[in-house]
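Asks: Each chain, written out:
4 protein chains.
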Amino acid sequence: MNDKGRETRRIVSVIGTSTATPELYQLARETGRLLAERGCVVVCGGRGGVMEGVCLGVREGGGLSIGLLPGSRDARGEANPYVDLPLATGLGEVRNVAVVSAGCAVISIGGAYGTLSELGFAMRQGKRVVGLDTWRIRDEKDQPAAMLEAHTPLEAVELALEELEGTR
Amino acid sequence: MNDKGRETRRIVSVIGTSTATPELYQLARETGRLLAERGCVVVCGGRGGVMEGVCLGVREGGGLSIGLLPGSRDARGEANPYVDLPLATGLGEVRNVAVVSAGCAVISIGGAYGTLSELGFAMRQGKRVVGLDTWRIRDEKDQPAAMLEAHTPLEAVELALEELEGTR
Amino acid sequence: MNDKGRETRRIVSVIGTSTATPELYQLARETGRLLAERGCVVVCGGRGGVMEGVCLGVREGGGLSIGLLPGSRDARGEANPYVDLPLATGLGEVRNVAVVSAGCAVISIGGAYGTLSELGFAMRQGKRVVGLDTWRIRDEKDQPAAMLEAHTPLEAVELALEELEGTR
Amino acid sequence: MNDKGRETRRIVSVIGTSTATPELYQLARETGRLLAERGCVVVCGGRGGVMEGVCLGVREGGGLSIGLLPGSRDARGEANPYVDLPLATGLGEVRNVAVVSAGCAVISIGGAYGTLSELGFAMRQGKRVVGLDTWRIRDEKDQPAAMLEAHTPLEAVELALEELEGTR
Chain A
1 MNDKGRETRR IVSVIGTSTA TPELYQLARE TGRLLAERGC VVVCGGRGGV
51 MEGVCLGVRE GGGLSIGLLP GSRDARGEAN PYVDLPLATG LGEVRNVAVV
101 SAGCAVISIG GAYGTLSELG FAMRQGKRVV GLDTWRIRDE KDQPAAMLEA
151 HTPLEAVELA LEELEGTR
Chain B
1 MNDKGRETRR IVSVIGTSTA TPELYQLARE TGRLLAERGC VVVCGGRGGV
51 MEGVCLGVRE GGGLSIGLLP GSRDARGEAN PYVDLPLATG LGEVRNVAVV
101 SAGCAVISIG GAYGTLSELG FAMRQGKRVV GLDTWRIRDE KDQPAAMLEA
151 HTPLEAVELA LEELEGTR
Chain C
1 MNDKGRETRR IVSVIGTSTA TPELYQLARE TGRLLAERGC VVVCGGRGGV
51 MEGVCLGVRE GGGLSIGLLP GSRDARGEAN PYVDLPLATG LGEVRNVAVV
101 SAGCAVISIG GAYGTLSELG FAMRQGKRVV GLDTWRIRDE KDQPAAMLEA
151 HTPLEAVELA LEELEGTR
Chain D
1 MNDKGRETRR IVSVIGTSTA TPELYQLARE TGRLLAERGC VVVCGGRGGV
51 MEGVCLGVRE GGGLSIGLLP GSRDARGEAN PYVDLPLATG LGEVRNVAVV
101 SAGCAVISIG GAYGTLSELG FAMRQGKRVV GLDTWRIRDE KDQPAAMLEA
151 HTPLEAVELA LEELEGTR
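Protein chains in written order, with this note's numbering: chain A, 1 to 168; chain B, 1 to 168; chain C, 1 to 168; chain D, 1 to 168.
Simulated from the structure, these hints should not be mistaken for lab results.
Where a beta carbon is used, it is the ideal one built from N, C-alpha and C, also for glycine.
Take these hints with a grain of salt, some might be off.
[To be verified] Beyond 10 Å from chain A on every Cβ pair, some chain C residues (computed):
no., residue
1, G92
2, E93
3, K141
4, T152
5, E155
6, E158
7, E162
[Said to hold, decoys possible] Pair ranges (Cβ atoms, derived):
no., chain 1, residue 1, chain 2, residue 2, range
8, C, A146, B, P144, 32 to 38 Å
9, B, G39, C, G39, 40 to 46 Å
10, B, G77, D, R9, 43 to 49 Å
11, D, R73, B, T21, 48 to 54 Å
12, C, E149, B, D74, 22 to 28 Å
13, B, E163, C, R38, 38 to 44 Å
14, B, G39, C, P22, 32 to 38 Å
15, B, P144, A, R38, 54 to 60 Å
16, D, E23, B, T19, 48 to 54 Å
17, B, E163, A, T19, 56 to 62 Å
[What the hints assert, rightly or not] Facing chain D, a subset of chain A residues (Cβ under 7 Å, in silico):
no., residue
18, G90
19, V97
20, Q125
Make a model of the complete structure from these sequences and hints.
Replies: Below, the structure written as structure tokens:
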């Protein structure tokens, strides 16, 4: 990896439920593969479900995945088998903040309540956030939250990387 | 405060936007007053908007409010003027986790993205969560999140304290 | 508590080992009593050992103690029996940052490794730090860390409250 | 990188002051180079001083360095120029917990108070901790903390990787 390569590798965070349906798992896997093929480093929570799907896809695409795990030891033991770099954080749920902070964009697939907290932090930080079959969020005036909606992994990746023009 | 008082004082977390409309500010103020009158200790983020409104109401109701501030010094300077106990946390946005963890129930009023992250953590923790004019959240299958919906401060307080039977 | 009282109540953080010897427990208890008698609010980690001793002393002195607990639920169950306001934080070890951030000064009694992390954060924040029978810390040039050394609870409290002239 | 390679790459955390003397900078640089030559991934705080020295050494040794930065955006802008993978965490000082949690061992070089907090967390977690020209820490009974003392970068790396028999 030359210096230029180092400088220009984009990091994308992918968040989502740890208990994914087979459909969500495949969406995550395809998303990971597409991100890897575009040379992105993928950061996620490193556990199962959507996180495992995306790491499998990244491996299939020849990319690099980083999993930020909640415990303080044995990250490999906590991680799904496809995480390239499992990092123990010792932060428990607080790691969610780090997962979304790492990426220049955040792609959310499916999602449980931990994912919802990550979406809140990502939008609070002004990140580019793309939802694929995930939480639908509207404010008290019934205005949608600042998420771009994708209908396929390809659209999610293109919106995240601003290859498509997103509308907020 | 006698020992029994100590043991039985309930803590309720109130979360919401720091830039509240006058309407939201008054909803927060009334909610704080009602919680104080029922002997609850109120924990919030200690800043302006909804947080200031609820602290003013707690003071009017003769209760105790605790504000968990993001900085590591001068919590009084960061806090709204009605916080009884301003606690610097040094945690920045991570303090949101502590704000919702402190309460046996969480009442959300209005809300920006920080509030959304708090709602995610609160439901992740299985807290009793009551929304009053706040985020509307549905999952990818269009099922509502585990929040009780209130239409008035009184209803919000009664749902939070389980004086009303909530439906999830 | 009137507004003036609110404005002027000083908060002091007390940190120390959860498995205290009877001697350390008594030092903590006396320190808590003296802080309460001076009208300080005491913040600690809310568990056993030194934390329990200081909360007992605060209660004997008629003061108010706040315990910041690591879990996200049932703070009362996690807390020692003398904590007045047990606040669950959901932060695990990260709560150590909040414990030292809350006080205008930090008193360290005895101590295990968690306490050492708290001392590092407190000095990083430029807090006034007083050690009583605690870690002895010198840098690579053999210069002492920015802690004031006390030999009795009374001296620790007076140094913390700057009633004595400390030397750094 | 084949699967076996993935499984067996050890992660070592290196901590130390952001304002290093030229001597400490060179110790860090040599330590980074030796860790890279042994195939370790190096995690640090990603800023200047010791953190920059170690990342430069890792690059010279052909290894991979990960920097966990305090901010929530523009990790590249916050990072020293030699960090291979700069990860924004959005955690501020709390990131210190993640820096030490990531490694199977922690090497401390020089150090300011942030480093001291990291040493506390690392020993709290039972990590293998090696000090090179860093804080000297003894408990209230004048017993040394659970750190191995190294006198050269080579000794530090060998102790961290248990190629030497450390004494605690």
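Asks: Determine for every hint whether it applies to the structure shown.
Replies: Taking the hints in turn, this is what the structure says about them:
no.	hint	in the structure
1	G92	5 Å, violated
2	E93	7 Å, violated
3	K141	30 Å, holds
4	T152	36 Å, holds
5	E155	35 Å, holds
6	E158	36 Å, holds
7	E162	34 Å, holds
8	C:A146 - B:P144: 32 to 38 Å	53 Å, violated
9	B:G39 - C:G39: 40 to 46 Å	24 Å, violated
10	B:G77 - D:R9: 43 to 49 Å	47 Å, holds
11	D:R73 - B:T21: 48 to 54 Å	29 Å, violated
12	C:E149 - B:D74: 22 to 28 Å	26 Å, holds
13	B:E163 - C:R38: 38 to 44 Å	40 Å, holds
14	B:G39 - C:P22: 32 to 38 Å	37 Å, holds
15	B:P144 - A:R38: 54 to 60 Å	36 Å, violated
16	D:E23 - B:T19: 48 to 54 Å	51 Å, holds
17	B:E163 - A:T19: 56 to 62 Å	34 Å, violated
18	G90	3 Å, holds
19	V97	5 Å, holds
20	Q125	5 Å, holds
Comparing the model with each numbered hint stated earlier shows that hints 1, 2, 8, 9, 11, 15, 17 do not hold.
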